[in-house]
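Q: Here the sequence shown stands for residues 1 to 206, numbered as in UniProt numbering.
Note that these hints are calculated values from the structure, not bench results.
Any given hint could turn out to be false.
Per label pair, the in silico range of CB-to-CB distance [stated by the list, open to error]:
no., residue 1, residue 2, range
1, Asp86, Val186, 15 to 21 Å
2, Pro77, Asp110, 15 to 21 Å
3, Glu168, Pro126, 18 to 24 Å
4, Pro111, Ala80, 33 to 39 Å
5, Ala37, Arg169, 31 to 37 Å
6, Pro23, Gly76, 19 to 25 Å
7, Ala157, Gly178, 16 to 22 Å
Glycine included, C-beta positions come from ideal geometry on N, C-alpha and C.
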Amino acid sequence: MTETTAPTLPPTAPALPPTDPRPGFHAAAEVLGEVLADLRPDQYGLATPCPDYTVRDLANHVVAVLRRSTVMAGGGPFAAVPHLADDVPDGGWAAAWETAGAGFRAAWDDPAVLGRSIALPWGAVPGAVAAVIWTNELVLHAWDLARATGRPVDWPAEALAGPLAVMERAVPAEPRGGQVPYGPVVPVPADAPAIDRLVGWYGRRP
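Whole structure, please, built from the sequences with the hints as guidance.
A: Right, dumping it as structure tokens:
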């Protein structure tokens, strides 16, 4: 991955969120599903803010992320789900998202998942922490796809609250690059929209 690609491995796992992160997780998944549903064939080859990913690549990746979060919520291993959902044909991402979403909701609707240990590649974290990490990834990639295709998004506050609360601890401003897959922080005004503050922290230009 390049420095601007959304994370799989933050350098520091966020602390336990003060509130149940699942509403934000579900909201982020809903937004991303809507973005996937609006993709057109003439957009599949477009570059995204993740330089290594076209729209097609990123659509395949986010389906894999949703599948992985479901498998791991149930105790499955990270490696059980490939990085890209190559089984999904062009234009099939919204349907694949809807199918994966049924299992996702069932897995994460169980309150016990919040305290369950989830073995991410850099170490085990409680399910509540994993939910915030994945929420952040879904939001960033929804923004990437929306920016690449020119689609406006009405960002729900609950989808952004968890990632905003932990971003500075999860991925400090320094160092960036190398093992930290983000570019330098892009400064934005303190009163900028929440989504601009979030993506700017992760090296994207709002």
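Q: Look at each hint and say if it fits the structure.
A: We went through each hint and held it up to the structure:
A hinted range of 15 to 21 Å for the beta carbons of Asp86 and Val186 is inconsistent with their spacing of about 32 Å. A C-beta distance of roughly 19 Å is found between Pro77 and Asp110, which places it inside the suggested range of 15 to 21 Å. Hint check: Glu168 to Pro126, Cβ distance near 20 Å, so the stated range 18 to 24 Å holds. The hinted range of 33 to 39 Å is not satisfied by Pro111 and Ala80, whose Cβ atoms lie roughly 23 Å apart.
At roughly 34 Å, the beta-carbon separation of Ala37 and Arg169 lies within the given 31 to 37 Å, and the hint holds. With their beta carbons about 24 Å apart, Pro23 and Gly76 fall inside the hinted range of 19 to 25 Å. Checked against the given bound of 16 to 22 Å, the beta carbons of Ala157 and Gly178, roughly 33 Å apart, lie outside it.
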